[in-house]
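> Protein chains in written order, with our numbering: chain X, 1 to 702; chain A, 1001 to 1174.
Please keep in mind that the hints were generated in silico from the structure rather than gathered at the bench.
On a predicted model such as this, the values are computed, not experimentally measured, just so you know.
A virtual CB, placed ideally from N, CA and C, is assigned to each residue, including glycine.
There could be a bad hint or two in this list.
[As the list claims (entries may be wrong)] Each pair of labels, with its calculated beta carbon distance range:
hint: 1; chain 1: X; residue 1: Glu640; chain 2: A; residue 2: Glu1170; range: 19 to 25 Å
hint: 2; chain 1: X; residue 1: Leu701; chain 2: A; residue 2: Gln1168; range: 27 to 33 Å
hint: 3; chain 1: X; residue 1: Asp700; chain 2: A; residue 2: Asp1139; range: 33 to 39 Å
hint: 4; chain 1: A; residue 1: Thr1067; chain 2: X; residue 2: Pro72; range: 37 to 43 Å
hint: 5; chain 1: A; residue 1: Asp1139; chain 2: X; residue 2: Gly156; range: 37 to 43 Å
hint: 6; chain 1: A; residue 1: Gln1084; chain 2: X; residue 2: Asp193; range: 54 to 60 Å
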Amino acid sequence: MTTIDRVVGAGVDRIDGPAKVRGTAPYAYEQDPGEPIAHLAVVQSTVNRGRVTRLDPARAEAMTGVLTVLTPDNAPRLAEGLASDLPVLQSLDVAYQGQVVAAVVAETSEIARAAVGAVLVEYAAEEPDVVLSADRQDLYAPEQVNAGFATDSIIGDVDQALGAAAVTVDATYETPTQHNNPIEMHTSMARWDGDSLTMWDANQGPHTIVNDLAKGFGLDRGQVRVISPYVGGAFGSKAFTHPNQMLAAMAARVVARTVVFELSRQQMFSLVGHRTPTIQRVRLGADADGRLTAISHEVVEHTARIMEFAEQTATPTRLMYAAENRRTTHRLARLDVPPPTIMRAPGETPGMFALESAMDELAAALGMDPIELRIRNEPAQDPERHVPWSSRHLVECLRTGAERFGWAGRDLRPRKRTEGRWLVGTGVASATYPTRRRRAQCRISVDGRGRYTVEIDGSDIGTGAWTALSQIAADALATDLGSIELHIGDSRLPRAGGAGGSTGLASWGSAIVLTARDLRRRLDDEYGGQLPADGVSVDGGVEGEGPHAKTHSMHAFGAHLVEVRVDQDTGEVRVPRATSVYDGGTIVNAKTARSQFLGGFSMGVSMALHEESLIDPRLGHYVNHDLAGYHVATNADIGELDISWLDEPDELANELGLKGIGEIGITGAAAAVANAYWHATGLRVRDLPITPDKYFRELDLA
Amino acid sequence: MDTEITLRVDGAAHPLTVDTRTTLLDALRERLRNTSPKKGCDHGQCGACTVLLDGRRVNSCLVLAVTVGDAEVTTSDGLAADGQPHRLHRSFVEYDAFQCGYCTPGQVCSAMGVLAEARAGWPSAVTGDLDDADVDLTDAEIRERMSGNLCRCAAYANIVPAVAAVAQAEGVRR
């Protein structure tokens, strides 16, 4: 066999790239179902809590081109046992504003949308309860928080240690409601053939959607096929089934035609989840040398009346720094809001904003360099699980970042640098995200000519999985990239977990490596190393977490160093440059990995400066529910980004030594911006986003 | 109400009957099944639907199909002459100037517009001297001029060099 260079690590161009730049890669809406498509549009509740008292579809039904109007009266019944936001059109009760109360199916999208306005709905409504505060009397402790973490973690005596500490910080940080807003709106196109359902759908894992459709419609999983080869961004909102999939399938069954439901941008604010707002009180106690003696991180956040989702906001605080006395808690208020869900790095994103801001405040109180403070509190092992790290290179990230950024010689004092109207400052924050592996099955076949087919129900939501998995397969099979044909994004393929929790390459990649190893062993053992003329096929996979997950603490780490400029006359905030250094284990594709890192960081800048969903406390709706009102970073908002990583595979994490990198970039990023903002202005804005008006608000308070 | 029109798209003429409420974007995507331009907001806020109308970039969701008349509509797919990728296509792939790829055909059409506008000396909000007949398409100019196209994956830091490399290759002042 000829020697073949490894392609893992190389910056290979995306194999799906040429089709995507031309616009010919078919996303959910763009698939060809083989017959004319009917269009679905929805009537949404205008109240937050109550009941539909009158629903008259007659005028809509009479419009030319309308095929049907689905209401709770005539919609197909769904089976019990679904997540509580999925039984759409099953009752007249309303639990959040924007809930679907009727759906129109029509020949064209224009007719469907026009008919929505002709459906008459009246409600008996109660006052909406939508405002989160830390002093609500109805806050409760959930049984656990997202991803199976304990609600509270209490070690030692935090209050006693805080009382005895030489230096303390006690500050409350707030993050607003945020919406995932992938640019491809959620879209589901359903077609029934007898009792078999095919759905072309925008999601992060076809098998997840199959499970809910099969359960809801009383089908075997084999009767449902979900196809999602290309997905236009997701960031968590496409991880779970939402009402859109149920509705499209329901409507297609009723009209006996292919039906497509493409949400409007406005509907993206109520039907597919959001990140909860958080109110986070952080208290730190340290000795005069900056050694932490106490860490307390108490989180208040919301969930929906009909469904509990508890963001694991304080969980990164359980592992970032050493301290003998530790407390992390989560409390929820059940509000009349749409169900929240996961959004890029749920937990770490809001939690690291608070913790890393508080660390900066502590450094300022101590008169200590904030990088040095973090290094001084580096834990030798996981400070709460009391197990060793599989690998942890946070200190190297901070030190390398300091060197690349030009941190040395920085004046610790704030508001000391001006350039014309601009106040200039620099800030730092750490980043972290857990390393996990999920169950994944895989099939690899080879034909007599040495062409390999790799089949696994993974997803590429923009991560680069199409390319990175092909690279992994090429190396594992000791062949070249051109000999690999990869199939992902289809529930007919061997089952795997969705794209989420930065687990994709750890799970799907490990499954491919192990299955490839089996295939090569079989070729050697049974065929003397020769390819049989009619080929061979092998099934394999991984069961879930590897053997070291119980005995070691596994996380990716990173450091962000940021320059911020603030216009003294307008309060405008700019981020002209930033350096990020990551400890992400093996990097499979240098090009797409860099994109994951810089995209995550840029989303963190967006969170720091722009993103905020505003809910009207009286009328209970998201006021700024479009992309003109909900600001996300644009091209001009992002400056020069210096992205790099340490070349440190994590040998204990998985077959590839990688840590998962899709989410870590956003963690800590907003804190780095806020810390640099403080260094520029001397003003501490603790409630995101840091909009221009807050400069003058803080100036007045100072 | 329905009206008969002929849309000239990517070099081919398409006679069709449209509802007068139909946008150019929906006519392309739902009627002609040309799904190169994408729908990201349907309100002119995201730029994913950007196409060229007689060479000028427009949000096709804000153009009614019945108003297009004889104008030539060019999508990102239509920039690929004889099946060969356009220089911008190659540059976007080389610089990894996208992730999920959904906003990308709009970004590519917008970049075509930026190059033409810079050549024509059109100033932007960051142009220093508005009277200057020439524009230097600096990185800051590219950032500003590409800001009508949102990318939620935030590939911005790669879009800038991808566009700059093409500007360089085509002799646009930098």
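> Now tell me if each hint is right for this structure.
Comparing the hints with the structure gives:
no., hint, result
1, X:Glu640 to A:Glu1170: 19 to 25 Å, "24 Å, holds"
2, X:Leu701 to A:Gln1168: 27 to 33 Å, "49 Å, violated"
3, X:Asp700 to A:Asp1139: 33 to 39 Å, "37 Å, holds"
4, A:Thr1067 to X:Pro72: 37 to 43 Å, "41 Å, holds"
5, A:Asp1139 to X:Gly156: 37 to 43 Å, "51 Å, violated"
6, A:Gln1084 to X:Asp193: 54 to 60 Å, "39 Å, violated"
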